[in-house]
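Colleague: The lines below spell out each chain.
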Amino acid sequence: MSNLLEEVYAIPGGEGVALCIQCGTCSASCPGADRGLSPRQIIGMVRADMREEILSGDSLWLCASCYLCTVRCPRDIRPTDLMHALECLAVRDGVSSKRTRTPLMYRTFINSVINNGRVHEAGLVTRFYMRTNPLAALKMLRLGLALLSHGRMPLRARKINGRRAVRTILDKARALAGTQ
Amino acid sequence: MRRYNYFPGCSCSEGTGVAYGLSTQAVGKALDIELVELADWNCCGSTPYGSLDVMGSTCLSARNLALAEKADGLDVVTPCSSCYITLNKANSYLKEYPELGSAVDEALAAADLEYGRGVRVRHLAEILSEDAEPDVIRSKVKISLSGLNVAPYYGCQLVRPRLGSDDPECPQSLDSLAESAGAKVIPFPLKTHCCGASLIISEESLALELIRKLLDSAQQNGAHCIVTACPLCQANLDAYQSRVNSRFKTNYSLPVLFFTQLMGVALGLTPKALGLEKNIVSPMKALTPYFLSRP
Chain A
1 MSNLLEEVYA IPGGEGVALC IQCGTCSASC PGADRGLSPR QIIGMVRADM REEILSGDSL
61 WLCASCYLCT VRCPRDIRPT DLMHALECLA VRDGVSSKRT RTPLMYRTFI NSVINNGRVH
121 EAGLVTRFYM RTNPLAALKM LRLGLALLSH GRMPLRARKI NGRRAVRTIL DKARALAGTQ
Chain B
1001 MRRYNYFPGC SCSEGTGVAY GLSTQAVGKA LDIELVELAD WNCCGSTPYG SLDVMGSTCL
1061 SARNLALAEK ADGLDVVTPC SSCYITLNKA NSYLKEYPEL GSAVDEALAA ADLEYGRGVR
1121 VRHLAEILSE DAEPDVIRSK VKISLSGLNV APYYGCQLVR PRLGSDDPEC PQSLDSLAES
1181 AGAKVIPFPL KTHCCGASLI ISEESLALEL IRKLLDSAQQ NGAHCIVTAC PLCQANLDAY
1241 QSRVNSRFKT NYSLPVLFFT QLMGVALGLT PKALGLEKNI VSPMKALTPY FLSRP
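Line order of the protein sequences matches chains A and B. For the first sequence, position 165 matches number 165 in the working numbering, and the numbering has no gaps at all. For the second sequence, position 238 matches number 1238 in the working numbering, and the numbering has no gaps at all.
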């Protein structure tokens, strides 16, 4: 298997990894850093080719995409985009962590977009909770009902007319990505 | 009258942020800003799509941009901070990465679309604070919101990565708009801190802690309400406020308004037109005095 660093370079947003001076500004800015590896550690470990620890770990998925690291990085690395690039690799290789539920939540979101052309929030959360923890779904029932009764959670998904066009575009993109 | 291609995004069109969509249209009308909804737009893919598949995500945005270009090429305006950065990221990736760009072109062509890279994407807050004249807004204010303490909450993706002209950590646009409406802007040091975004679904304990800090800071500083420019921030702070209360044994009861709802009250619009009944923590106690003073 090829070097992780080279693969990260090849993904849009991933090329900044070489520029890092390990100053730790990103880590000090990150709201999720104290729950896992910090962005600085992740970058260091990518450069040390610690493939499994990074791609199969939980830490990537704690990124809330707040972009604070991105605007503060003295080397203009865009660590948020870098986390997304690493997440893409983890998913492509089918090695993303099973301990964090964020990849599944993202996948459920994407499926909703592919099926309808838009994301259907009620369907997304229902499917997500049923697949992860149906008991949690019960816990969330009160919140769901509050949103429903305030007219903020329509039960029926809106499907756009162009959903077939959206699928055609995405299928073509997938085919092209496969041949690259 | 200024005209724009309007991209509401999934949440504001009829989901958890529906009141944002309603109040955006109502305020637009009151300020002579024409927002023409982009026909048959699709989801931008938001952070989840871009985190799993960069090319697919760029394609989703590119279809919308191609539709806007075909329509008339006017600026795309969205009230949603996530749509704002996602559509913008597609624009910059298409220019920065030619290989990705030509693959996206080929994918679009499969659906008889093409995108010439010429559409600018802007946030509604940017339009109202830059294109609309502050004097014009002030001249249309029918009810001054004097006495109302507002904590303007920008969250992340409206100001970061820096796409507009506002400062990424100490922005002013929402402050100025709230002041134009006559409200008092209170100091709110956490105004660009993260609410946890969609991690509220998959990492609830992390997000609830971030939300608690935001509510705490706003309350400590004497806010009567928080004002946001993002449907996800609003849902997290408003709908999840009871979850914060039960988890941390707190008793926050802070209304969380969209900035368009706040402006709409000052512009003399009705609670219904602004979707105020859709807020989970009711803002009516804080706002009723202003409705009673309507001319």
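If you're looking for bench data, these hints aren't it; they were derived computationally from the structure. None of these values were measured; they are calculated from a predicted model. Hints should not be assumed to be uniformly reliable.
A partial selection of chain B residues facing chain A, derived with a Cβ cut-off under 8 Å [as the list claims (entries may be wrong)]:
no.	residue
1	P1048
2	L1108
3	R1138
4	K1140
5	I1143
6	S1144
Just so it is clear, CB atoms sit at the ideal spot from N, CA and C, and this is done for glycine as well.
Colleague: Run every hint past the structure and note whether it holds.
Modeller: Cross-check of the supplied hints:
Hint status for B:P1048 relative to chain A: holds, with the closest Cβ pair at about 4 Å, below 8 Å. Checking B:L1108 against chain A: minimum C-beta separation of about 6 Å stays under 8 Å; hint holds. A cut of 8 Å between beta carbons decides the hint on B:R1138: the least distance to chain A is about 31 Å, and the hint is violated. Taking 8 Å as the C-beta contact cut-off toward chain A, the hint placing B:K1140 at the interface is violated, the least distance being around 28 Å.
Interface hint status for B:I1143: violated, as the beta-carbon distance to the closest one in chain A is roughly 25 Å, over 8 Å. A cut of 8 Å between beta carbons decides the hint on B:S1144: the least distance to chain A is about 28 Å, and the hint is violated.
Violated hints, in rising order: 3, 4, 5 and 6; the structure is consistent with all others.
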